[in-house]
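There are 2 protein chains.
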Amino acid sequence: MNKNRLEELRDTFYTELVDNTMPFWIDHATDREYGGFTTFLDRQGEILSPDKPMWVMGRITWLLSKLYNDLEQREEYLTLAGHGADFIKKYGFDDDGRMFFAVTRDGRPLRKRRYLFTETFGVIALAEYARASGDSESLELAKKLMNLIQDHYRRPGQLEAKIIPETLQTRGHSMAMIRINTLQILRAADPDGSYDGQIDQAIDDVFTYFVKADKKALLEMVGMNGEYLGETPEGRCINPGHVIETAWFIMEEGRLRNDMELVNKALPLLDWSLNVGWDEKYGGLFSFVDVEGRQPAQLEWDMKMWWPHNEAIYGTLLAYALSKQKRFEDWFERILDWSLQHFPDKQYGEWIGYLHRDGSMALDLKGNHFKGPFHLPRQQLYCHLLLKSMLTE
Amino acid sequence: MNKNRLEELRDTFYTELVDNTMPFWIDHATDREYGGFTTFLDRQGEILSPDKPMWVMGRITWLLSKLYNDLEQREEYLTLAGHGADFIKKYGFDDDGRMFFAVTRDGRPLRKRRYLFTETFGVIALAEYARASGDSESLELAKKLMNLIQDHYRRPGQLEAKIIPETLQTRGHSMAMIRINTLQILRAADPDGSYDGQIDQAIDDVFTYFVKADKKALLEMVGMNGEYLGETPEGRCINPGHVIETAWFIMEEGRLRNDMELVNKALPLLDWSLNVGWDEKYGGLFSFVDVEGRQPAQLEWDMKMWWPHNEAIYGTLLAYALSKQKRFEDWFERILDWSLQHFPDKQYGEWIGYLHRDGSMALDLKGNHFKGPFHLPRQQLYCHLLLKSMLTE
Numbered sequence: 001m002n003k004n005r006l007e008e009l010r011d012t013f014y015t016e017l018v019d020n021t022m023p024f025w026i027d028h029a030t031d032r033e034y035g036g037f038t039t040f041l042d043r044q045g046e047i048l049s050p051d052k053p054m055w056v057m058g059r060i061t062w063l064l065s066k067l068y069n070d071l072e073q074r075e076e077y078l079t080l081a082g083h084g085a086d087f088i089k090k091y092g093f094d095d096d097g098r099m100f101f102a103v104t105r106d107g108r109p110l111r112k113r114r115y116l117f118t119e120t121f122g123v124i125a126l127a128e129y130a131r132a133s134g135d136s137e138s139l140e141l142a143k144k145l146m147n148l149i150q151d152h153y154r155r156p157g158q159l160e161a162k163i164i165p166e167t168l169q170t171r172g173h174s175m176a177m178i179r180i181n182t183l184q185i186l187r188a189a190d191p192d193g194s195y196d197g198q199i200d201q202a203i204d205d206v207f208t209y210f211v212k213a214d215k216k217a218l219l220e221m222v223g224m225n226g227e228y229l230g231e232t233p234e235g236r237c238i239n240p241g242h243v244i245e246t247a248w249f250i251m252e253e254g255r256l257r258n259d260m261e262l263v264n265k266a267l268p269l270l271d272w273s274l275n276v277g278w279d280e281k282y283g284g285l286f287s288f289v290d291v292e293g294r295q296p297a298q299l300e301w302d303m304k305m306w307w308p309h310n311e312a313i314y315g316t317l318l319a320y321a322l323s324k325q326k327r328f329e330d331w332f333e334r335i336l337d338w339s340l341q342h343f344p345d346k347q348y349g350e351w352i353g354y355l356h357r358d359g360s361m362a363l364d365l366k367g368n369h370f371k372g373p374f375h376l377p378r379q380q381l382y383c384h385l386l387l388k389s390m391l392t393e
Numbered sequence: 001m002n003k004n005r006l007e008e009l010r011d012t013f014y015t016e017l018v019d020n021t022m023p024f025w026i027d028h029a030t031d032r033e034y035g036g037f038t039t040f041l042d043r044q045g046e047i048l049s050p051d052k053p054m055w056v057m058g059r060i061t062w063l064l065s066k067l068y069n070d071l072e073q074r075e076e077y078l079t080l081a082g083h084g085a086d087f088i089k090k091y092g093f094d095d096d097g098r099m100f101f102a103v104t105r106d107g108r109p110l111r112k113r114r115y116l117f118t119e120t121f122g123v124i125a126l127a128e129y130a131r132a133s134g135d136s137e138s139l140e141l142a143k144k145l146m147n148l149i150q151d152h153y154r155r156p157g158q159l160e161a162k163i164i165p166e167t168l169q170t171r172g173h174s175m176a177m178i179r180i181n182t183l184q185i186l187r188a189a190d191p192d193g194s195y196d197g198q199i200d201q202a203i204d205d206v207f208t209y210f211v212k213a214d215k216k217a218l219l220e221m222v223g224m225n226g227e228y229l230g231e232t233p234e235g236r237c238i239n240p241g242h243v244i245e246t247a248w249f250i251m252e253e254g255r256l257r258n259d260m261e262l263v264n265k266a267l268p269l270l271d272w273s274l275n276v277g278w279d280e281k282y283g284g285l286f287s288f289v290d291v292e293g294r295q296p297a298q299l300e301w302d303m304k305m306w307w308p309h310n311e312a313i314y315g316t317l318l319a320y321a322l323s324k325q326k327r328f329e330d331w332f333e334r335i336l337d338w339s340l341q342h343f344p345d346k347q348y349g350e351w352i353g354y355l356h357r358d359g360s361m362a363l364d365l366k367g368n369h370f371k372g373p374f375h376l377p378r379q380q381l382y383c384h385l386l387l388k389s390m391l392t393e
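First to last, the sequence lines map onto chains A and B.
When you line the first sequence up against our numbering, it's residues 1 to 393, in that order.
When you line the second sequence up against our numbering, it's residues 1 to 393, in that order.
Calculated directly from the structure, the hints in this document are not laboratory data.
Being a predicted model, the structure only gives us computed values, none of them experimental.
A hint or two may mislead.
Okay, derived cross-link-like pairs now, BS3-like style, lysine-lysine, Cα gap no bigger than 25 Å in a straight line [unchecked claim]:
| no. | chain 1 | residue 1 | chain 2 | residue 2 |
| --- | --- | --- | --- | --- |
| 1 | B | Lys112 | A | Lys281 |
| 2 | A | Lys112 | B | Lys112 |
| 3 | A | Lys112 | A | Lys89 |
| 4 | B | Lys216 | B | Lys112 |
| 5 | A | Lys281 | B | Lys281 |
| 6 | A | Lys346 | B | Lys281 |
If you want the footprint, here are the derived chain A segments under chain B, 3+ residues with CB under 8 Å [what the hints assert, rightly or not]:
| no. | segment |
| --- | --- |
| 7 | 102-110 |
| 8 | 297-307 |
By construction, the Cβ of each residue, glycine as well, lies at the ideal position given by its N, Cα and C atoms.
Given only the sequences and the hints, what does the whole structure look like? Please build it.
See the structure below:
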């Protein structure tokens, strides 16, 4: 990639982030009446649901804090991050220390889920906000939440109320992968803590249980000892976006530690995901693939969703920056090009989240319980920062 | 509809049912090793998952019994119905009298769900089988299950573990509608029982809580007293296929009782669903629609699924037969034509279940936890029987 291209990309990512993505959310989602953010929005930014998805509340709070910490110290970012952190602390927690999945606009609990994903987004929100504001209460709360997550992770099965444990105990990739990134963010906010060993453990879990080199795959669900559960669609499932995310979390760890061996361990995960996930017919990445090439069970298996594309844009750029392999540059340009042709909403800003296989729009909403200001602005921010550092190397 | 068309349709539905749909399932799904049926099949009829979805186990057992009772007394239907009933009795039940949602191929429990839909399919399986075989144990079990369902229905909220009850108590249309049909089938198997009052009650619930004539809609979710929860996508959700099913369940009740007033009460539900559910751009019925015309939240909202089309084919034919209104004949022909152009799998038999909005194939599987031999063969059987009776009128 030549210097002109690097500069052009660095500036485009910055402009898109600061002048398009962030204003959409700040203008439409900030709830000045009840606190926090209403992120369940339609294409124009009008409220589709006043309920507050707490995954997204954690993620926007993390994002605003991160922008303040690592992009530029705009007062607005810090103030709004505090606005999100306050809502989380006030309304996000159940009496048992766990978090709610969704609350009403005015903060009354609506749903709590078995899995601890909301809690991981609570950790990154409170940890990053603590780093931005110096608020020690937020840091303590983040550490306490992380302990709860780790504690649950070490005793698998206790949350799996729907599965009859004696019949089928399984391990899921999601909790292994999300812990890597959650611990990385907490470590940056808590220099006195010891996190490297926990991160090593989480990375080890990924390779020990879920990576099947003979199948060129990282599987979403395996037996308790990593057994291949290939009789069922669940056991054959590959989620390319998830694997790409895991790959770049691990690459970031290698980059931080100056450990190219770790980076090189992650690169095949990226290669496999792109090879099996890319749709040769229409372009774009599938949401789910069957490792044996059979029909995936998910109805949305062939939808082109915004988030795997964002993960792939940053993942391939990082792989290129660290490995200098030309194929990652090619993938980066290909995925970025396809994404910019299909996802951006030229009329109302931000990105469309859900496309049909052929790239036509399937849903025009901007937010729901899972979509909000996260994958897109994180990609734009991380690409911008990486390009900046590539240019000063 | 002239006599030729009635005869042609009567014969086509019969042939398709007996020579296409049923052989696909009987040949591929009958599990002669472990009992019951493996219905989670790919396009060719090969096993995609050996796990046994108990919704489908109940439905296929009902279907085989019903064919024996009302189409023709083939020994094969009765034997296979018994094969299904045995599996359900042996492996379908938890110690608390509730049923499992899925079990392994050899019958070990995999999942149990909060809602009692599996149980409703257990009732229709065991009741219809009792009617076919005279097996009183099956009838007693069906009656006991129905009592359990009614008991849970009268105490709403006790199963809603995911929702924090103090914040939002809601009523769902599904359990109101499915009870009408379940009670109708149980009544036919149990002439000594008293079911009319319970059926009246279930129909009343539909009109009292879910039908909103001012919005020309039957809503999927309302407040405990039928309040319109229009702030959220859940509260604005219309499921056209569901409403059409409810409409014809009620029409059947009117037909049985010779009560045209009841039939006429159901016809608007059908009209509304077709008007709002039909896709003017590509044809076919949407899976979910927002009553205020906003973006539905379900990722699969615009998929064209096999089941609403089957419900609409029979629903419009029944509406035409009972009301003689020309518009229902037109709808019937339009929906049948679109369906036959898009759903039948000319290569391997049976129907494709899930199409994209534009009618192209999205998933080619024949069975999963919800799809199996039910909506399609029921439509074919009911249309055939209705056409036969229209011809002898």
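Going through the hints against the structure:
Of the supplied pair hints, the one linking B/Lys112 and A/Lys281 is violated, its CA atoms being roughly 39 Å apart against a limit of 25 Å. For the hint linking A/Lys112 to B/Lys112, the alpha-carbon distance of about 18 Å falls within 25 Å, and the restraint holds. Restraint check: the Cα-Cα separation between A/Lys112 and A/Lys89 comes to about 16 Å, which is no more than 25 Å; the hinted pair holds. Among the hinted pairs, B/Lys216 with B/Lys112 is inconsistent with the structure: their alpha-carbon atoms are about 36 Å apart, more than 25 Å.
For a cut-off of 25 Å, the pair hint linking A/Lys281 to B/Lys281 stands: about 24 Å separates their Cα positions. With a CA separation close to 23 Å, the supplied pair A/Lys346 and B/Lys281 stays within the 25 Å bound. Only when three residues or more bring their CB closer than 8 Å to a CB of chain B does the claim for the segment 102-110 of chain A stand; here the count is 4, and the claim holds. Evaluation of the coverage hint for the segment 297-307 of chain A: fulfilled, as 6 residues show C-beta separations to chain B shorter than 8 Å, against a requirement of three.
Figure legend: structure checked against the earlier numbered hints; hints not met, in rising order: 1, 4.
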